[in-house]
Amino acid sequence: MHDRNHLANVGMTHEVNVITNGLLDIPMLQMLAEDGTPHKEATLPELDEKTAKDILHAMQYVRVLDERMIGAQRQGRISFYLACTGEEAATTASAAALKPQDMIMSQYREQGALAYRGYTTEQFMNQMFSNEKDPNKGRQMPIHYGDKALNFMTISSPLGTQIPQASGYAYGQKMEGTDAVTICYFGEGAASEGDFHAGLNMAAVLNCPVIFFCRNNGYAISTPASEQFAGDGIASRGIGYGVKTIRVDGNDVMAVYAATQTAREIAVKEQCPVLIEAMTYRLAAHSTSDDPTGYRSREEEEKWRAKDPIARMKAWMTAQGWFDEEANAKVVEKMREDVLNELKRVEKVDVPVIDEIIEDVYDTPPWHLKAQLKELKEHISKYPEHYPKTSGRLNRG
Amino acid sequence: MAKMNLLQAINNALITAMEENEKVMVFGEDVGHFGGVFRATSNLQEKFGKGRCFNTPLTEQGIIGFANGLAAQGSSPVAEIQFGDYIFPAFDQIVNETAKWRYRSGGQFSVGTLTIRTPYGGGIAGGHYHSQSPEAYFAHTPGMKIVIPRNPYQAKGLLLASIRDDNPVLFMEPKKLYRASVGEVPEDDYELPIGKAEVIKEGKDITLLAWGAQIEIIEKAAEMAEKDGVSAEIIDLRSILPWDADTVAESVMKTGRLLINHEAPLTGGFASEIAATIQERCFLYLEAPISRVCGLDTPYPLAHEKEYMPDHLKTYEAIKRTLQY
Ligand SMILES: Cc1ncc(C[n+]2csc(CCOP(=O)(O)OP(=O)(O)O)c2C)c(N)n1
Ligand SMILES: [Mg+2]
Numbered sequence: 000m001h002d003r004n005h006l007a008n009v010g011m012t013h014e015v016n017v018i019t020n021g022l023l024d025i026p027m028l029q030m031l032a033e034d035g036t037p038h039k040e041a042t043l044p045e046l047d048e049k050t051a052k053d054i055l056h057a058m059q060y061v062r063v064l065d066e067r068m069i070g071a072q073r074q075g076r077i078s079f080y081l082a083c084t085g086e087e088a089a090t091t092a093s094a095a096a097l098k099p100q101d102m103i104m105s106q107y108r109e110q111g112a113l114a115y116r117g118y119t120t121e122q123f124m125n126q127m128f129s130n131e132k133d134p135n136k137g138r139q140m141p142i143h144y145g146d147k148a149l150n151f152m153t154i155s156s157p158l159g160t161q162i163p164q165a166s167g168y169a170y171g172q173k174m175e176g177t178d179a180v181t182i183c184y185f186g187e188g189a190a191s192e193g194d195f196h197a198g199l200n201m202a203a204v205l206n207c208p209v210i211f212f213c214r215n216n217g218y219a220i221s222t223p224a225s226e227q228f229a230g231d232g233i234a235s236r237g238i239g240y241g242v243k244t245i246r247v248d249g250n251d252v253m254a255v256y257a258a259t260q261t262a263r264e265i266a267v268k269e270q271c272p273v274l275i276e277a278m279t280y281r282l283a284a285h286s287t288s289d290d291p292t293g294y295r296s297r298e299e300e301e302k303w304r305a306k307d308p309i310a311r312m313k314a315w316m317t318a319q320g321w322f323d324e325e326a327n328a329k330v331v332e333k334m335r336e337d338v339l340n341e342l343k344r345v346e347k348v349d350v351p352v353i354d355e356i357i358e359d360v361y362d363t364p365p366w367h368l369k370a371q372l373k374e375l376k377e378h379i380s381k382y383p384e385h386y387p388k389t390s391g392r393l394n395r396g
Numbered sequence: 000m001a002k003m004n005l006l007q008a009i010n011n012a013l014i015t016a017m018e019e020n021e022k023v024m025v026f027g028e029d030v031g032h033f034g035g036v037f038r039a040t041s042n043l044q045e046k047f048g049k050g051r052c053f054n055t056p057l058t059e060q061g062i063i064g065f066a067n068g069l070a071a072q073g074s075s076p077v078a079e080i081q082f083g084d085y086i087f088p089a090f091d092q093i094v095n096e097t098a099k100w101r102y103r104s105g106g107q108f109s110v111g112t113l114t115i116r117t118p119y120g121g122g123i124a125g126g127h128y129h130s131q132s133p134e135a136y137f138a139h140t141p142g143m144k145i146v147i148p149r150n151p152y153q154a155k156g157l158l159l160a161s162i163r164d165d166n167p168v169l170f171m172e173p174k175k176l177y178r179a180s181v182g183e184v185p186e187d188d189y190e191l192p193i194g195k196a197e198v199i200k201e202g203k204d205i206t207l208l209a210w211g212a213q214i215e216i217i218e219k220a221a222e223m224a225e226k227d228g229v230s231a232e233i234i235d236l237r238s239i240l241p242w243d244a245d246t247v248a249e250s251v252m253k254t255g256r257l258l259i260n261h262e263a264p265l266t267g268g269f270a271s272e273i274a275a276t277i278q279e280r281c282f283l284y285l286e287a288p289i290s291r292v293c294g295l296d297t298p299y300p301l302a303h304e305k306e307y308m309p310d311h312l313k314t315y316e317a318i319k320r321t322l323q324y
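Residue numbers (numbering that gives the first Met the number 0), protein chains in the order written: chain A, 0 to 396; chain B, 0 to 324.
These are calculated hints, taken from the structure and not from any lab test. Hints may be right or wrong, so weigh each one.
[To be verified] Facing chain A, according to a computed beta carbon distance under 8 Å, are these residues of chain B, among others:
1. E21
2. M308
3. K319
[To be verified] What the simulated footprint calls covered on chain A by chain B, stretch by stretch (three residues with Cβ under 8 Å from a Cβ of chain B suffice, anywhere in the stretch; the number is not a length):
4. 26–32
5. 80–88
6. 328–336
7. 376–389
[What the hints assert, rightly or not] No more than 30 Å apart at the CA atoms, straight line, and that leaves these computed lysine-lysine pairs for DSS-like:
8. B/K305 to A/K136
9. B/K200 to A/K329
10. B/K200 to A/K369
11. A/K373 to B/K2
12. B/K200 to A/K381
13. B/K319 to A/K369
14. A/K39 to A/K49
15. B/K2 to B/K200
16. A/K373 to B/K200
17. B/K219 to A/K388
18. A/K132 to B/K305
19. B/K319 to A/K376
20. B/K2 to A/K369
21. B/K2 to A/K376
22. A/K381 to B/K2
23. B/K219 to A/K376
Just so it is clear, CB atoms sit at the ideal spot from N, CA and C, and this is done for glycine as well.
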């Protein structure tokens, strides 16, 4: 016999009823208007002066870093860069609403979260220059950060893979009974991958305390959201999977903070997933390999530039008496100096010694990898000038 | 004839195929108006309309699943996977569906009109996920053809043959050469044979075998060895499946030595398959063990990319070892 449970909550209709897109109206939470004034009906989250400043500074820091590193890539000093510009509020205020023990599994455009957690300029640089001080050992392209101490899982380029992984990670946290959740960031493009659907469904069925945080920034490289999906954004899918869902203005620090705080409370108390769709805009090119003039208009960009999340936060903080233009200019200037100095210093640091090439493939290198390393070292010592980054240090390590 | 780089040759082949057969449709991530992240599909949407050249949502399993259905229906899909490293979400659709469609239906149905294009290979500071050479995973799959061109002329002729071949073809493009490799390409329609290797240079002491971007590497190594008085025969395998064992064996019976170079890791790489077959066919002709110069058995590392690569110096050293055996 068929289990009738699956019909338990199904109502009846006696006419042919076609349910269409748009019947489910998912509004966007906005607390601060674009000029920074709070909406009268909005109950702002409690945010003290220090946290507000930490958020603002992390956003400003990321913008400074982005500008400088795009320049460094153009000068050929690093091979690749990918900016967060325009999405600073979404990625910073969400991280600010979490606890340090919460795991972050990100896509690649979330340097705001990392900066908020305290990742230092030196750490950013070590990764981007693939040097011997990068804890990820220089193996991945620039911007693939990862830091165990900060509970920031090392980034992987294949899109969407972190989504079901976050469900699994959160399930483990739940089984341990700790006060910790996982936040999983991804783009609206990545949400088309099969992994998105698998991840949400599993989290819902297995009651995982995970926050799925989608940055809907309008584009996946050149593909506009209108060619990415035909439904009502990503939020409507959460409902379909039985995942509690919030749509939020991603350029509004207050709204993102409030939404993530609420999501965390639900995830912890009810031990279930929550989906947040943050509506924002990728003001930057997709990456330094991309030129957006081929697929979108200046006017569109300008329209969004006017919705700058940093300016909105500044305006609100000014009204609180927490923002002083002059003092802030000094803070930002110091960030610039810090980034510039560290860039100059770190670019001279060596790449890892060649011995590290076979490490971490397994817990310990098996015989065949040891043999390959030995052969490689003999070869490098025959042609030292051809392998200048490693030949001088063959006997270290 | 016109001077084209490898991307332009591919673009030109796609135009040729789409003009000749209106069932040819080109799609994938960013391939529409934008023309693909490498611009291989530039202007196709303008020329042939959104119905025949379009962006897909960001889902490789979707792209190939869709392409399978479209091919089964009788159209000729040319699906692009943006990077070879991102083909794995589509692994199930390719390995279990594309490759077995004809066999499981007793030949009633097939997706033989399907072509999958994807850039592969390293040497571009791409780290783990923009560098891999995944041909061996697919070579383990009966039912697929796998083709890899080494220059613009080869790319156009082989791609046209792949699109028209009545078997699903995985067409892997050496992205390091996209702009770097420039050559004369006929503007007319032409095809080059699938399943046939090409002897690029004749020699008598050793056979050097590679495909795609590694052809340049073995050519450079051969030049070095030439100065030591070694005469190397150079073969471009061109098709990984089915591969041209006859041409390779014939060469090895003449030279008595074989070196195979590929960028993918050594263990389980396609060189292993070639070595096994050639020692079977040429055992009594071999003067030295078959040499494999390949990537290390590690993921593709960024900082140590140069050290990881099976470059011309490693190849040159292996030629010497093989000759001195
Ligand atoms: C599985 C996979 N397919 C394709 C790519 C290539 N790729 C890198 S970023 C990107 C677009 C991602 O868009 P979205 O998820 O919206 O994130 P955004 O860049 O807008 O932050 C694509 C197609 C990839 N990294 N992984
Ligand atoms: Mg996006």
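Discussion item. Check the structure against each numbered hint from earlier and tell me which ones fail, lowest number first.
Written reply: Violated hints: 1, 2, 3, 4, 5, 6, 9, 10, 11, 16, 20, 21, 22; rest satisfied.
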